[in-house]
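Protein chains: 2
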Amino acid sequence: MFNKYLEKIKTYEAGKPIELVVREFGIKPENVIKLASNENPLGASPKAVEAIVQNAKKASIYPDDSMYELKEKLAKRFDVKSKEIIIGAGSDQVLEFISHIKLNSNAKILRSAVTFAMYDIYAKQFGAKIIKTPSYEHKVDEFILLIKQEKPDIIYICTPNNPTGDATKKEDVFQIIEAAPKESLVVVDCAYMEYVQDKEYKISPKELLEFENTIYLGTFSKAYGLGGMRVGYGIANEKIMHYLYKVRPPFNITTLSLAAAIAALDDEAFLQETLALNKKEMKRYEAFAKENNIAFQKSFTNFITYFFHLPLQSSQIANNLMKKGIIVRDLSSYNLNAIRITIGLPKQNEKVLQELKKELKG
Amino acid sequence: MFNKYLEKIKTYEAGKPIELVVREFGIKPENVIKLASNENPLGASPKAVEAIVQNAKKASIYPDDSMYELKEKLAKRFDVKSKEIIIGAGSDQVLEFISHIKLNSNAKILRSAVTFAMYDIYAKQFGAKIIKTPSYEHKVDEFILLIKQEKPDIIYICTPNNPTGDATKKEDVFQIIEAAPKESLVVVDCAYMEYVQDKEYKISPKELLEFENTIYLGTFSKAYGLGGMRVGYGIANEKIMHYLYKVRPPFNITTLSLAAAIAALDDEAFLQETLALNKKEMKRYEAFAKENNIAFQKSFTNFITYFFHLPLQSSQIANNLMKKGIIVRDLSSYNLNAIRITIGLPKQNEKVLQELKKELKG
Chain A
10 MFNKYLEKIK TYEAGKPIEL VVREFGIKPE NVIKLASNEN PLGASPKAVE AIVQNAKKAS
70 IYPDDSMYEL KEKLAKRFDV KSKEIIIGAG SDQVLEFISH IKLNSNAKIL RSAVTFAMYD
130 IYAKQFGAKI IKTPSYEHKV DEFILLIKQE KPDIIYICTP NNPTGDATKK EDVFQIIEAA
190 PKESLVVVDC AYMEYVQDKE YKISPKELLE FENTIYLGTF SKAYGLGGMR VGYGIANEKI
250 MHYLYKVRPP FNITTLSLAA AIAALDDEAF LQETLALNKK EMKRYEAFAK ENNIAFQKSF
310 TNFITYFFHL PLQSSQIANN LMKKGIIVRD LSSYNLNAIR ITIGLPKQNE KVLQELKKEL
370 KG
Chain B
10 MFNKYLEKIK TYEAGKPIEL VVREFGIKPE NVIKLASNEN PLGASPKAVE AIVQNAKKAS
70 IYPDDSMYEL KEKLAKRFDV KSKEIIIGAG SDQVLEFISH IKLNSNAKIL RSAVTFAMYD
130 IYAKQFGAKI IKTPSYEHKV DEFILLIKQE KPDIIYICTP NNPTGDATKK EDVFQIIEAA
190 PKESLVVVDC AYMEYVQDKE YKISPKELLE FENTIYLGTF SKAYGLGGMR VGYGIANEKI
250 MHYLYKVRPP FNITTLSLAA AIAALDDEAF LQETLALNKK EMKRYEAFAK ENNIAFQKSF
310 TNFITYFFHL PLQSSQIANN LMKKGIIVRD LSSYNLNAIR ITIGLPKQNE KVLQELKKEL
370 KG
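Order-wise, the sequence lines are chains A and B.
According to the working numbering, the first sequence is numbered sequentially starting from 10.
According to the working numbering, the second sequence is numbered sequentially starting from 10.
These are calculated hints, taken from the structure and not from any lab test.
Heads up, the list lumps identical chains together, so a pair's fine if it works in one copy or across two of them.
Straight-line distance between alpha carbons at most 30 Å, and here's what the computed DSSO-like set of lysine-lysine pairs gives: (1) Lys13 to Lys80; (2) Lys178 to Lys299; (3) Lys85 to Lys179; (4) Lys66 to Lys356; (5) Lys90 to Lys19; (6) Lys117 to Lys19; (7) Lys370 to Lys333; (8) Lys332 to Lys80; (9) Lys307 to Lys288; (10) Lys90 to Lys17; (11) Lys366 to Lys307; (12) Lys215 to Lys80; (13) Lys17 to Lys117; (14) Lys66 to Lys56; (15) Lys92 to Lys332; (16) Lys90 to Lys332; (17) Lys138 to Lys248; (18) Lys292 to Lys66; (19) Lys66 to Lys333; (20) Lys307 to Lys211; (21) Lys19 to Lys92; (22) Lys179 to Lys80; (23) Lys37 to Lys56; (24) Lys13 to Lys117; (25) Lys289 to Lys66; (26) Lys160 to Lys17; (27) Lys66 to Lys85; (28) Lys92 to Lys13.
From a predicted model like this one, the values you see are computed outputs, not experimental measurements.
With the rest of the complex left out, here is chain A:
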């Protein structure tokens, strides 16, 4: 009765919400530390919060479906044309649009061994085959080999990479794009790009527009602190946009999300504060890992991934922390004996590392 290929889909496992820990373990909401979904620990930009409050009464009114003002602002910010931008309910939704225009049950996607889970989920929703490189880092030779062998319809480059935190050098990204056939679409998912400081790794949408089969993805969910508002975007040439707009449903973000994103873009001070805090607290997590002999990947993001060796088990550690009201992301479903921790506020980080230390000792 239903499309057959759907059977294969395993639903996305979201970071446990605070509500669940409250319900299951009877911990008060204010005592729960959630560092599982890479939300901004400073919250949302005060300007965005103000925009939400100011516009709350417009909750009954559909948003401007042309998203004129937000696209104009993004266009200016990135020195691209408004027509080269599409807004999604998170960059997730742009991934869905991309999958929809490119994939079918004969199609293939290529991605690194460990990367953002939604690439596979959307691929499976359209019955496409998933090809993985051997390494979770984006290695040029691995990508080029599989591009030649498999001629994938979509090639995903997630930089910085989630859930591992590593990034791919710009020159490597360009090499992969250049190796892609014209019929492939190369998706450069830059959800965490705001956190990248190093020039060798920093990629802008403008640069990617030089390639005719490439799309840049960005989001307001991380550095801009609007994870709960579901706003992301794709930037590509007008030919690609023509097709993406065909599968965009009307009113795909809320009226308040639109207002919040517009305001957040103006709040440069908040963005800088976010980056400064992240940089400072990241060092604490790096130091802790070194002190405690935990393997970790240098992170270009707002999270750090700790890799454990048996007998330590990430699922056990994450579970034990949860019972204490600390939510981190266990990565065993990615076949990693690792946990991903969002860089939180200083006090939260202190508490998390304190409790983690107890776990390490068994």
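We have chain A already, so just place chain B on it with the hints.
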């Protein structure tokens, strides 16, 4: 390079936003009367607005992806199980899920001659064929004939119907469902059901659960006044839900939408006020139509559709009104010489009818 069937899609034409009239005609936002998108003229429920303001700082936090509380409340309201409910970004998104699990380029949908535009748009997104009955009203014999002839994969019953305002008797809906093959999915789109007072036309999700291949759609966008927040739902048995959940993206409504919908469900007073105002003001539109010899269909919704005879042209009338800052929906893209007007506040309605009267005189 892209999925071929997408070429056929004409993008959904949204009601013109206030921002556009402001930009194009230089009219002040506060002077624009927008009665084009069937938004609640009373705005959002005050309880929902309060919930938004109270939760504005949670804009950075992803919503509880299980949507536990909202589903529990809906389950109680409709006397169904929480597991029988799926939440969408508007009932639109549930239509998208339905299309995704049922359609492909060999599939067919059946719908009445004039009905909600998104059924076709989603069908085209999956390359499916669209079958239409001769009448825009849902006539049992027309549906049964085409069901037997075409064996459609999805059968849409939009009651009350949009953009015409008519409704289908419950016994007729049941007859159509009973005629549907077990392999078809019957979608009963009840976005405007709250406005229906007449028992013969009132349909509940619980009743539809008696049929194993039927889904009820509802929304918070109309009577609940949350059009801008994008919250709707589908109610069907767990077998159908199993597949719908496979294509639901995580976090598909915002944190504030969730809070607003939960609060709106508790605001029975606002709902009653909404229905009372609508009933009263609807009479004014009916009286005006009769006085001015305008054909109209008795409306079971929060809008009324006026049908014109040449030389009067709906597109011209809608355009002229827009220049005066009044936005109504021209239905010429539905091949109707008609306009759809949302029932507004008394003052708005007075002004609209005043200006419309001038148009009728030419």
